[in-house]
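Colleague: One letter stands for each residue in the lines below.
2 protein chains.
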Amino acid sequence: MGRKIALIGLGAMGAGMAGSLRRAGHEVHVCDARAGVAQQFAKDGGVACATPAEAARDCDIVVSVVVNAAQTEDVLFGANGCAAAMKKGSVFVMCSTVDPNWSAALEGRLQALGLQYLDAPISGGAAKAAAGQITMMTAGRPEAYAACGDVLEGMAAKVYKLGARAGAGSKVKIVNQLLAGVHIAAAAEAMALGLREGVDPEALYDVITHSAGNSWMFENRMPHVLAGDYTPLSAVDIFVKDLGLVLDLARATKFPLPLSSTAHQMFMQASSAGHGREDDSAVIKTFPGIELPQKK
Amino acid sequence: MGRKIALIGLGAMGAGMAGSLRRAGHEVHVCDARAGVAQQFAKDGGVACATPAEAARDCDIVVSVVVNAAQTEDVLFGANGCAAAMKKGSVFVMCSTVDPNWSAALEGRLQALGLQYLDAPISGGAAKAAAGQITMMTAGRPEAYAACGDVLEGMAAKVYKLGARAGAGSKVKIVNQLLAGVHIAAAAEAMALGLREGVDPEALYDVITHSAGNSWMFENRMPHVLAGDYTPLSAVDIFVKDLGLVLDLARATKFPLPLSSTAHQMFMQASSAGHGREDDSAVIKTFPGIELPQKK
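In order, the protein sequences belong to chains A and B.
This note's numbering puts the first residue of the first sequence at 115, with every later residue one more than the last.
This note's numbering puts the first residue of the second sequence at 115, with every later residue one more than the last.
The shape of chain A in the complex, shown without the other chains:
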C-alpha cells in the first residue's frame, strides 16, 4: 500500500532513492536546495515542494539524504525546516554520514518533539540507489522501525538492523568509511609503487584483483587511474570529510588510528594541491616521481 513519503535532497543518491520509492508505489514529496531540481523529478510523478517543511507536512516518513550533519540540522531546524511541520509520531530517516554521537543525540531531540528517528546511513553509490539496491545501516527504537513499515526495503537491497539505540548505524558506517578511505589511499600507494618500478599497470591490476591483496576499492577505483580519467564519481573532498569524521569519533575517546590519520593526510594533501573535486582515486597524484597513465 502506497504511503506519503518526503524525500529531501535529490543528489546522486537521493534522486535514485526517490525514484525507487515512486516505483514502489509511494507518493513521494521531494525538495532540493537547487532551484528546479524537485520540479524536474516531479515531471514523472510525485510532488515538488519548495522547502523541507512543505515536503514533510502531510507525510508519515521523511527521508533526509543531504551531505552532512550541518545540512541535516538545517533540514530539520533551519528556516523552513521540517521538524516543526512533521506530524506527531512520524519518523525522520537520517541517511547522511555523520558523527555517531551527534546522531545519538538527535534521537533525543526529536523524541522531545514527539517524533521518531531512525539512524540510517546508506552505502552503494548512484547506480544502486537508482535500482533500489543500496545498503542501509540502521539503528533506532522499535517504534521508529514500526513507523517505517516496509518502506526502507523499497530503497535498499539490504537493511541492516544494528541496535535499538540511534548511533549504532552511524558507527558501522564510520567504520566502513575508515576502511574505504584507507583502501583507496592504499590502492593509490600500491599502484604508484608499481609505476615507479616500471611494472605494467594493467598486468598489475589483473594480478592484484585475483590475489590476496585485493579490496573492493582497489578493484573499483584503479580503473580510473589506468584510464587517466579523474571525473569524480566520489570526490577527494568526500574522504577529507569522512576520514575527518572517523578521526573525530576516535578522538572523542582518545583512541589512536594510525592508518586512518595517515590516509586522511594523503587526501588533504591531494585536496590542498587542487584535486579536491576530482575523483578520489586522484589521491595517487600526491606521489611524486611517477608518470600516470594519460586519458586516451
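Hints are computed from structural coordinates only; laboratory data are not their basis.
Glycine included, every Cβ here is placed at the ideal spot set by N, Cα and C.
One or more hints might be untrue.
Stated by the list, open to error - With beta-carbon atoms standing in for the labels, derived distance ranges:
id	chain 1	residue 1	chain 2	residue 2	range
1	B	G192	A	Q247	53 to 63 Å
2	B	R279	A	I404	14 to 24 Å
3	B	K410	A	L227	38 to 48 Å
4	A	Q247	B	E333	14 to 24 Å
5	A	G139	B	P407	24 to 34 Å
6	B	M115	A	A271	44 to 54 Å
7	A	A341	B	K202	45 to 55 Å
8	A	S386	B	H324	26 to 36 Å
9	B	A366	A	G192	50 to 60 Å
10	A	I404	B	A164	45 to 55 Å
As the list claims (entries may be wrong) - Partial list, derived from the structure: chain A residues whose beta carbon lies under 10 Å from chain B:
id	residue
11	G238
12	A241
13	K275
14	A282
15	A294
16	V313
17	A317
18	I322
19	M331
20	A364
21	S374
22	G403
To be verified - EDC-like, lysine to aspartate or glutamate: derived pairs with alpha carbons at most 16 Å apart:
id	chain 1	residue 1	chain 2	residue 2
23	B	K275	A	D314
24	A	K157	A	E141
25	A	K355	A	D213
26	B	K272	A	D320
27	B	K275	A	E316
28	A	K272	B	D320
29	B	K242	B	D213
30	B	K118	B	E168
31	B	K399	B	D343
32	A	K275	B	D314
33	B	K275	A	D320
34	A	K202	A	D172
35	B	K409	B	D393
36	A	K409	A	E392
37	B	K409	B	D320
38	A	K275	B	D320
39	B	K202	B	E257
40	A	K275	B	E316
The hints should help you fit chain B onto chain A, whose structure is shown.
Modeller: Okay, now just chain B, sitting in the frame of chain A:
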C-alpha cells in the same frame, strides 16, 4: 610426461606444491633443512634427499620454496648448495618473496653458470598449495620458460607471465604484499574502533563484508579475531619481513610509502610486544583500551 623435479623446502607451501607435482606424474626429489621431513614426504612417493645438491643432481627443474633471499642463497651457494650440482641448461624456479633487485641480479649470476632462472613468487596459502591452485607471479627469459615446460601449471591455477627479465614477478609480489599488509592492519584498526565504540563485532563483520569497505584480508583474517584464535596461519613476523621488503624497494629509489611505513610500525609494535609468532591478525592487540573477543 613425467619430469625429474627437485623441490627444496617442505614448509606449508612447499609441501603442498611437491604433492601437487607428484600427483601430476612427476618424479619429485625433495629436501628440507629439518630432519625427517623429506623422508616423511617420500613415504607416499618421490625421493628424499639430504641436501639441495643431492636433490638437484639428476633434475631438469629445481623449485625453491624457502623463506627468504638469505635461505635461497644458502640453497644455491651454501655448503651442499645446488648451483654447482645442477645440469647445464636446467632451471632454478625461485618462489620466495624477495627484494626484486636481488632477484634480477640472481638471473645474471646463474646465467654465468650456464643455468636458467625463473623469478616466480607465489601466493595463495597452504590449502591452495595442496590443491595445486596457487598463483605464480613469474618473469624470466623465454629459455627459462621453455625449460619449465608445463610443470608450473601442475602447481598453479594461474601462472602470470610478467616480463622477459627476472624481477618483474617479484615486483608484483611486493606490491601485493604492500596491499595485503596494509589491509590486515586496516582491518585490525577498523575492528578495534568498532569494539571501542561498542559495536557488535559479528554484525560489523557481516556489514563490512557486504560493503565497499571490504578487502580480501578483512574477510579472511577478521574471523580469527571474532573467534579469539590467533593460531598462526601466517604470522605477524611475516609482515614485519614483507613490509620491510616493500619499504626497502621503495627506499632504493627514495620513494615515499606513507601507509606501508605506518602499517610496518604496527606489525613491529605487535612483534615487539611478544606477538610475532601469532597469527598476523594479532596486530589488533596493539590497540589499547578495547576488549577483544575471547576464545570459546
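Colleague: Now tell me, hint by hint, if it's right for this structure.
Modeller: Hints, one by one, checked against the model:
1. With their beta carbons about 59 Å apart, G192 (chain B) and Q247 (chain A) fall inside the hinted range of 53 to 63 Å.
2. Between R279 (chain B) and I404 (chain A), the C-beta spacing of about 20 Å keeps the proposed range 14 to 24 Å intact.
3. In this structure the supplied range 38 to 48 Å holds for K410 (chain B) paired with L227 (chain A), their Cβ-Cβ distance being about 45 Å.
4. Evaluation of the 14 to 24 Å hint for Q247 (chain A) and E333 (chain B) yields a pass: the beta carbon distance comes to about 21 Å.
5. For the pair G139 (chain A) and P407 (chain B), the supplied restraint of 24 to 34 Å is violated, since their beta-carbon distance comes to about 44 Å.
6. Range check, M115 (chain B) to A271 (chain A): about 52 Å between beta-carbon atoms, so the 44 to 54 Å window is met.
7. About 47 Å separates the C-beta atoms of A341 (chain A) and K202 (chain B), a value consistent with the hinted range of 45 to 55 Å.
8. Between S386 (chain A) and H324 (chain B) the C-beta distance comes to about 34 Å, which sits within the given range of 26 to 36 Å.
9. For the pair A366 (chain B) and G192 (chain A), the beta carbons lie near 56 Å from each other, so the given range of 50 to 60 Å is met.
10. For I404 (chain A) and A164 (chain B), the Cβ-Cβ distance of about 48 Å falls inside the hinted range of 45 to 55 Å, so the restraint holds.
11. Interface restraint check: G238 (chain A) against chain B, minimum CB-CB distance 8 Å, threshold 10 Å, status holds.
12. Checking A241 (chain A) against chain B by beta carbon gives a least distance of about 12 Å; that is not within 10 Å, so the hint is violated.
13. Here the hint on K275 (chain A) is kept, as its CB sits about 9 Å from the closest CB of chain B, short of 10 Å.
14. Hint on A282 (chain A) holds. Least Cβ distance to chain B is approximately 6 Å, under the 10 Å limit.
15. This hint holds: A294 (chain A) has a C-beta 5 Å from the nearest C-beta of chain B, less than the 10 Å allowed.
16. Interface hint status for V313 (chain A): upheld, as the beta-carbon distance to the closest one in chain B is roughly 5 Å, under 10 Å.
17. For A317 (chain A), the interface hint holds, the least distance from its beta-carbon to any beta-carbon of chain B being 6 Å, beneath 10 Å.
18. Interface hint at I322 (chain A): satisfied, since its Cβ lies 6 Å from the closest Cβ of chain B, which is below the 10 Å cut-off.
19. With 10 Å as the threshold, the beta carbon of M331 (chain A) comes within range of chain B, its nearest partner Cβ sitting at about 6 Å, so the hint holds.
20. Against a cut-off of 10 Å between C-beta atoms, the interface hint on A364 (chain A) holds, since the closest Cβ of chain B lies about 6 Å away.
21. A cut of 10 Å between beta carbons decides the hint on S374 (chain A): the least distance to chain B is about 7 Å, and the hint holds.
22. Evaluation of the G403 (chain A) hint against chain B yields a held restraint, the C-beta minimum of about 6 Å falling below 10 Å.
23. As the CA atoms of K275 (chain B) and D314 (chain A) are separated by approximately 11 Å, the hinted pair is consistent with the 16 Å bound.
24. With a C-alpha separation of about 13 Å, the suggested pair K157 (chain A) and E141 (chain A) falls inside the 16 Å cut-off, and the hint holds.
25. For the given pair, K355 (chain A) sits about 11 Å from D213 (chain A) by alpha-carbon distance, which is consistent with the 16 Å threshold.
26. Simply put, K272 (chain B) and D320 (chain A) have alpha-carbon atoms about 11 Å apart, close enough for the 16 Å limit, and the pair holds.
27. Restraint check: the Cα-Cα separation between K275 (chain B) and E316 (chain A) comes to about 13 Å, which is no more than 16 Å; the hinted pair holds.
28. For the proposed pair K272 (chain A) and D320 (chain B), the alpha carbon gap of about 11 Å is at most 16 Å, so the pair holds.
29. The straight-line distance between the Cα atoms of K242 (chain B) and D213 (chain B) is roughly 24 Å, outside the 16 Å bound, and the hint therefore fails.
30. Between the alpha carbons of K118 (chain B) and E168 (chain B) the distance comes to roughly 13 Å, so the proposed pair stays at or under 16 Å and holds.
31. Taken as a hint, the K399 (chain B) and D343 (chain B) pair is honoured in the structure, with Cα atoms around 12 Å apart against an allowance of 16 Å.
32. Between K275 (chain A) and D314 (chain B) the alpha-carbon distance is near 11 Å, which keeps this suggested pair within the 16 Å criterion.
33. Taking the CA atoms of K275 (chain B) and D320 (chain A), the gap is near 11 Å; set against the 16 Å cutoff, the hint holds.
34. For the hint linking K202 (chain A) to D172 (chain A), the alpha-carbon distance of about 11 Å falls within 16 Å, and the restraint holds.
35. Our distance criterion of 16 Å between C-alpha atoms is met by K409 (chain B) and D393 (chain B), whose separation comes to about 14 Å.
36. A distance of roughly 14 Å separates the Cα atoms of K409 (chain A) and E392 (chain A); the hinted pair therefore holds under the 16 Å criterion.
37. For the suggested pair K409 (chain B) and D320 (chain B), the alpha carbons sit about 19 Å apart, so the restraint of at most 16 Å is broken.
38. As the CA atoms of K275 (chain A) and D320 (chain B) are separated by approximately 11 Å, the hinted pair is consistent with the 16 Å bound.
39. A hinted pair counts as satisfied when its Cα atoms are at most 16 Å apart, and K202 (chain B) with E257 (chain B) qualifies at roughly 12 Å.
40. This hinted pair checks out: K275 (chain A) and E316 (chain B) have alpha carbons roughly 13 Å apart, not beyond 16 Å.
In the structure shown, a violation is registered for the earlier hints numbered 5, 12, 29, 37, in ascending order.
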